[in-house]
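Engineer: From first to last, the protein sequence lines stand for chains A and B. Under numbering that gives the first Met the number 0, the very last position in the first sequence is 111; numbers go up by exactly one each time. Under numbering that gives the first Met the number 0, the very last position in the second sequence is 433; numbers go up by exactly one each time.
All clues stand as given, with none of them false.
Keeping only pairs whose Cα atoms sit at most 30 Å apart, straight-line, the calculated BS3-like set for lysine-lysine is:
hint, chain 1, residue 1, chain 2, residue 2
1, A, K59, A, K39
2, B, K285, A, K39
3, A, K33, B, K65
FYI, nobody ran anything at the bench for these hints, they're computed from the structure. Bear in mind that the values here come from a model prediction, so they are computed numbers and not experimental data.
For reference, the chains in residue letters:
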Amino acid sequence: MKYIIGIIKPHRLDPVPTPTAENGIEGITVSEVKGHGRQKGHSEIYRGAEYQVSFLPKVKIEMAIDETREDEVVSAITGSAGTGKIGDGKVFVLPLESAVRIRTCETGKQAI
Amino acid sequence: MLKRIWAHSGRVGILGLATMALASQPALAADKLDTGNTAWMLTSTALVLMMTIPGLALFYGGMVRKKNVLATIAQSFAITCLMTVLWMVAGYSIAFSDGGSLNSFWGGLSNAFLVNMGKDTLNGSIPDSVFMTFQMTFAIITPALITGAFAERMKFSSMMVFSGLWVIIVYAPITHWVWGGGFLGEAGVLDFAGGTVVHINAGVAGLVCALVLGKREGLGNESMAPHNLVLSVIGASLLWVGWFGFNAGSAVAADESAGMAMAVTQIATAAAALSWMVIEWVLKKKPSVLGLISGAVGGLVAVTPASGFVDPSGALMLGLIAGAICYWGATSLKNMFGYDDSLDAFGIHGVGGIAGALLTGVFAKSAIGGTAGLLEGNAGQVLIQLEGIVATIAYSAIVTFVLLKIIGAVMGLRVSREEEIEGLDYNEHGETVH
Numbered sequence: 000m001k002y003i004i005g006i007i008k009p010h011r012l013d014p015v016p017t018p019t020a021e022n023g024i025e026g027i028t029v030s031e032v033k034g035h036g037r038q039k040g041h042s043e044i045y046r047g048a049e050y051q052v053s054f055l056p057k058v059k060i061e062m063a064i065d066e067t068r069e070d071e072v073v074s075a076i077t078g079s080a081g082t083g084k085i086g087d088g089k090v091f092v093l094p095l096e097s098a099v100r101i102r103t104c105e106t107g108k109q110a111i
Numbered sequence: 000m001l002k003r004i005w006a007h008s009g010r011v012g013i014l015g016l017a018t019m020a021l022a023s024q025p026a027l028a029a030d031k032l033d034t035g036n037t038a039w040m041l042t043s044t045a046l047v048l049m050m051t052i053p054g055l056a057l058f059y060g061g062m063v064r065k066k067n068v069l070a071t072i073a074q075s076f077a078i079t080c081l082m083t084v085l086w087m088v089a090g091y092s093i094a095f096s097d098g099g100s101l102n103s104f105w106g107g108l109s110n111a112f113l114v115n116m117g118k119d120t121l122n123g124s125i126p127d128s129v130f131m132t133f134q135m136t137f138a139i140i141t142p143a144l145i146t147g148a149f150a151e152r153m154k155f156s157s158m159m160v161f162s163g164l165w166v167i168i169v170y171a172p173i174t175h176w177v178w179g180g181g182f183l184g185e186a187g188v189l190d191f192a193g194g195t196v197v198h199i200n201a202g203v204a205g206l207v208c209a210l211v212l213g214k215r216e217g218l219g220n221e222s223m224a225p226h227n228l229v230l231s232v233i234g235a236s237l238l239w240v241g242w243f244g245f246n247a248g249s250a251v252a253a254d255e256s257a258g259m260a261m262a263v264t265q266i267a268t269a270a271a272a273l274s275w276m277v278i279e280w281v282l283k284k285k286p287s288v289l290g291l292i293s294g295a296v297g298g299l300v301a302v303t304p305a306s307g308f309v310d311p312s313g314a315l316m317l318g319l320i321a322g323a324i325c326y327w328g329a330t331s332l333k334n335m336f337g338y339d340d341s342l343d344a345f346g347i348h349g350v351g352g353i354a355g356a357l358l359t360g361v362f363a364k365s366a367i368g369g370t371a372g373l374l375e376g377n378a379g380q381v382l383i384q385l386e387g388i389v390a391t392i393a394y395s396a397i398v399t400f401v402l403l404k405i406i407g408a409v410m411g412l413r414v415s416r417e418e419e420i421e422g423l424d425y426n427e428h429g430e431t432v433h
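Based on the provided sequences and hints, a complete structural model is requested.
Structural biologist: Put into C-alpha cells, the structure is as follows:
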C-alpha cells in the first residue's frame, strides 16, 4: 500500500480526478494549507508599507492506494494539477504500513 | 458657517422660508421654528453619529491586527458615550455660549449642564436641543479620529482620560474660535463643516500622540497588515454616507446651501478615491482596496471645509489634488519621519484637512458661499485660511503634548510590552474576536 500526498495550487483542485474504480483512487482527503517551495512568497502593500507574505495558499490532497495503482494516480495528479509554472506543487509517495476501516475493522488492502 | 446661526440667525430662517414655504408668505421672524430645517437637522445628527459608530469603529477595526480588533472598536464606542456626557456637562457651553469679555477664546460655563436649554429654546430656526445634539456628534467623532494614531498600543484607561480632557481643553475652545463667535470666525476663516475644527485638530493631536507614545512593538519587522479589509470598506462606506449629515447638515438648514454641500461632497470624494487609486496603480502596480477607501476618506476630509463655498468644478479639482496629497501623507511623509501613525489619523485627516482648508481659500466662489477665493482674485483668503490652520495646529499640538505628558506621568500611556505582543483585546477587555 502507498500513501500519496499532493500539494497543489488551489485552483487546480477541481481537475484532479475524483475517486472512481477506474482511476484507482478509492478515497481522498483535502485540506487548505499554506506554504511555499522554490516559489517563495509574494509581497503585499498596505498604504505604502510592504509586507513579505512567505506562505501562499495551497491545497493538500491525501490518498491511500494499492501500490499497483501508484503510477496511474501520480500521473493523474500531475496531469491535472500541472500548469507548467513555478508553484505548481509536489507529489510525495510514502509506504503505508497498515490501514483499518473503523466501521468493519477490516485491515490492509480491504480497508483502503 | 455654523457660527452664522448665532451671528446672523435671521439668515437661515429667511432662506429656509424662501425655499420651503409659499412665496407669497411674508418673511417670519428669525426665531420662528422651521419644521423642514428641524427635520433635516434631526436626520443629519443621526447620520453624523453613524459616522463614529459603527462607521469609524469598523474602518479602524478592520485595519488593525486580529488581536486588537475589539480594543480598537471599543475606543470609538466608549468615546461616543464619554463625549456625550462631557458635551452635556461643559463642552457645549464652552463651545457655543457667549463668553463675555473672553468670548474670543471660549464661551464660558454659563450653559454648563445645559441649564439654559429648555424644550422651546430655539437656535436660529431649529430647537437648541437639536443643534446641541448635532454638535455633540462632532465632539464625538473628533477624539475618535485621534485613536487611529495610537491604535494597538495605548492603555484603554489612559485613552479615556486623555480623550475626556482633550475634548474639554482642546476641542471645545477651538470650536468656539471658529464657530462660536471666537477670533478665527471673526477673522473670516472659512470652515464650513469642520476641516479645521475637526480634521486638522484631530490629525495634529494624532501626530503628537504617535510621537509621544512611540512605535508599536515589532514595527518594520513583523507584518502589521490589516486583518479584515471588508470591515474597513463597510466602515468607510458608512463614513461616506454619514458625511452628508456632516457637510450638508452644517448648513443648519434644509436649503440650497445644504444641497450644494451634498453635491460637492459626493464629487470631491469620488475624485479623491480615483486619484489615489490611479497613483497607487502607477507607482505600486495594483489599485488596492485599502487605497480606494483611504482616498475616499481623504476626499471627504478635504471637502469638509470647502463644502459650502465651492462649486462642482472646484470640488472636482479639490478632490483630485486631495487624493494625491493624502497618498503622499499616508505613505511617503510617514516613512520620511518614521513616526508610527498606525492608521494614518494624521496622514489622512491632518494632511487632508490642511490641504482642504488651503484649497477652500483657492476654489471658494462668491456665488456659492458669499466669499471669493484665490481663483476669483481674492488671494488674501488663502492667508486667512493659513491663520486658521496655524492657530489650530499650534494650540492642538502644544496642549495635546502637555496632556499626554501629565497623563503619562500619572498613569502611563502604553500597555506593557507583553500585553501589546499578546494583544489588547484579551489584556484590556478580557475578550477575543473568534
